[in-house]
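There are 2 protein chains.
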Amino acid sequence: MKKLINDVDNIVDEMLEGMVCAYPGHIRRLEGLDVIVRADESGEKVALVTGGGSGHEPAHGGYVGKGMLDGAVAGAIFTSPTPDQVYEAIKATDSGKGVLLIVKNYSGDIMNFEMASDMAMDEGIQVEQVVVDDDVAVENSTWTIGRRGVAGTILVHKITGACAEAGNDLSEVKRVAEKVIANVRTMGMALNACTVPAAGKPSFDLEEEEVEIGIGIHGEPGVNREKIEPADATADKLLAKILDENIFNNGDEVVVLVNGLGGTPLMELFIANRHINKVLGDKGIKIYKSMVGNYMTSLDMAGFSITLLKLDDELKGFLDAPCDTPALVVPAR
Amino acid sequence: MKKLINDVDNIVDEMLEGMVCAYPGHIRRLEGLDVIVRADESGEKVALVTGGGSGHEPAHGGYVGKGMLDGAVAGAIFTSPTPDQVYEAIKATDSGKGVLLIVKNYSGDIMNFEMASDMAMDEGIQVEQVVVDDDVAVENSTWTIGRRGVAGTILVHKITGACAEAGNDLSEVKRVAEKVIANVRTMGMALNACTVPAAGKPSFDLEEEEVEIGIGIHGEPGVNREKIEPADATADKLLAKILDENIFNNGDEVVVLVNGLGGTPLMELFIANRHINKVLGDKGIKIYKSMVGNYMTSLDMAGFSITLLKLDDELKGFLDAPCDTPALVVPAR
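Chains as they are written, first to last, in our numbering: chain D, 238 to 570; chain S, 238 to 570.
FYI, nobody ran anything at the bench for these hints, they're computed from the structure.
Check before you lean on any hint, since a few could be wrong.
The list makes no distinction among identical chains, and a pair is therefore deemed to hold if it is satisfied within one copy or across any two copies.
Stated by the list, open to error - Straight line, CA to CA, 30 Å or less: simulated DSS-like cross-link-like pairs of lysine-lysine:
id, residue 1, residue 2
1, Lys-526, Lys-416
2, Lys-474, Lys-438
3, Lys-515, Lys-239
4, Lys-239, Lys-526
5, Lys-526, Lys-303
6, Lys-478, Lys-239
7, Lys-515, Lys-547
8, Lys-553, Lys-303
9, Lys-303, Lys-523
10, Lys-515, Lys-303
11, Lys-474, Lys-515
12, Lys-464, Lys-438
13, Lys-438, Lys-239
14, Lys-464, Lys-239
15, Lys-416, Lys-478
16, Lys-515, Lys-526
Isolated chain D (complex conformation) (with noise of 0.2 Å):
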């Protein structure tokens, strides 16, 4: 195993701390908690928390700040967040007007999220829970019953954080965070797996000429493992699939998220959104808007993911309003 870490037992404090003093202006940590918050005072609003195992960024530290989260918690890496953390995330960051928690469809985000949601509730905390589900590969899987959260998690960031700086009440905030995630499918694939520093070796083992097709971002295999196809034939494969769950459709307008996994230069995203781009043309899909980069990795995983989300003028309005965090910003037009 080849990486730039020191102690594999520090990755994540020490991932969390070169982190936040990069970004002092917009975000902090909460002391002796792997917790980020917004450096600001974000005023009177509903908050906004999210989090997940480590091996994911950006995400989630990287999208806090005005515009969009209030709160992220690290977990160690690949593994959920712990119950107390998540509560003190919860508690750090209410104003008064509740707190909507974006959670990441795992068995195991579940579970402590939720238990943190109820402890926060006994103290008279108002807390919301919408789960994302968007990766299309997978009905179930090992971690999870039903679908996995992957890369569309981040517009479910994007568009509910500028719902809630918009000074929308708690309802609404989960409101539109659902529109979301019933309009937003996910599928990716991968060239080569990640290597999680605990173990020291590749998550699985592929072949010079295979590649994995349905993969989720914890390092998981595929659905099915193939030849290697060029990337236009390959990014065929990951629309397909995508296009098969019958919501984007001739007329629509869509946000194109072409999500690298952490191994992927931007060279070949960019090869993979000119198809894309000209398969959705051809079906009368209008993209509103594209985002080409690494938005929620699995490691130094090779490889990619597709995501669509459908917009109507609400989702739009959102998703145009301006943000600033680390990993990303809109400028007020």
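Since the structure of chain D is provided, determine the placement of chain S on it from the hints.
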């Protein structure tokens, strides 16, 4: 070789197409050329044009936009753009106030940008040129007389771009570019080589325990091949070489750019950044701003570089000025 590509011969063309279709509000491509220019009207101002081989994405097309570059010329992978393409970029971006060429110090780039400059000046366009040579790893290299231009180039783009956007004339914009160049230094290392698609195999071989210290951004091996050390010791080694320049002293303020080379997860860059922060703090060097991410890559190379730029009030002002490009956004405050 496992890459998300189609035909090796079409990589640059497809990459540029995929980049432009992702950001139609920011950039467009000159028809039939490998030149990216601003999609909006930049108005009467000094134009900034840069370029170089492809494989460094998001450099350079990703930095075209308001407050940064006006044109970026893409050569074949790791290959200088041809004089005629640079000439077309100059012609397309000149508003009558002249054009500054920002060239990384590689012999091929220098030669081709100079030829283009001569062609444009023959037509009465004012053209000036600056050469970035921030890499402290080597005094000369296979492809350069003098030091190489690497990640520090991004800071030249940002600061000089703001200076041009503010309406300064060509000589003033050139003066500021040269001030940045005089005060910026970079040192990099690789955990693994990159694979140039046409070659189909890694540009050098490293054993499981080996790293290269002092690499450039074109797949060339480093100055020393060494046994892998912890992230902190690795960062110490790169920083020591930069600090040996005697530019960065107690009381100075700097930008720190921790740059991933394409295959390095953000987690590892943050771990390195933590230690860099500590070392600079111990030396009384104040970090005014940090940038951590994949800014100037080398295909899928795993590794990173550290760049320091010493700031004064003038440079701080231009650094903080708003910009809006696909790869870097600084919001108005």
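Hint by hint, here is what the structure shows:
no., hint, verdict
1, Lys-526 x Lys-416, "within (18 Å within a copy, 37 Å between copies)"
2, Lys-474 x Lys-438, "both (29 Å within a copy, 27 Å between copies)"
3, Lys-515 x Lys-239, "between (38 Å within a copy, 24 Å between copies)"
4, Lys-239 x Lys-526, "between (36 Å within a copy, 29 Å between copies)"
5, Lys-526 x Lys-303, "both (21 Å within a copy, 19 Å between copies)"
6, Lys-478 x Lys-239, "between (34 Å within a copy, 23 Å between copies)"
7, Lys-515 x Lys-547, "within (17 Å within a copy, 45 Å between copies)"
8, Lys-553 x Lys-303, "both (18 Å within a copy, 23 Å between copies)"
9, Lys-303 x Lys-523, "both (29 Å within a copy, 26 Å between copies)"
10, Lys-515 x Lys-303, "between (34 Å within a copy, 27 Å between copies)"
11, Lys-474 x Lys-515, "within (14 Å within a copy, 47 Å between copies)"
12, Lys-464 x Lys-438, "both (22 Å within a copy, 19 Å between copies)"
13, Lys-438 x Lys-239, "both (10 Å within a copy, 19 Å between copies)"
14, Lys-464 x Lys-239, "both (26 Å within a copy, 11 Å between copies)"
15, Lys-416 x Lys-478, "within (21 Å within a copy, 53 Å between copies)"
16, Lys-515 x Lys-526, "within (14 Å within a copy, 39 Å between copies)"
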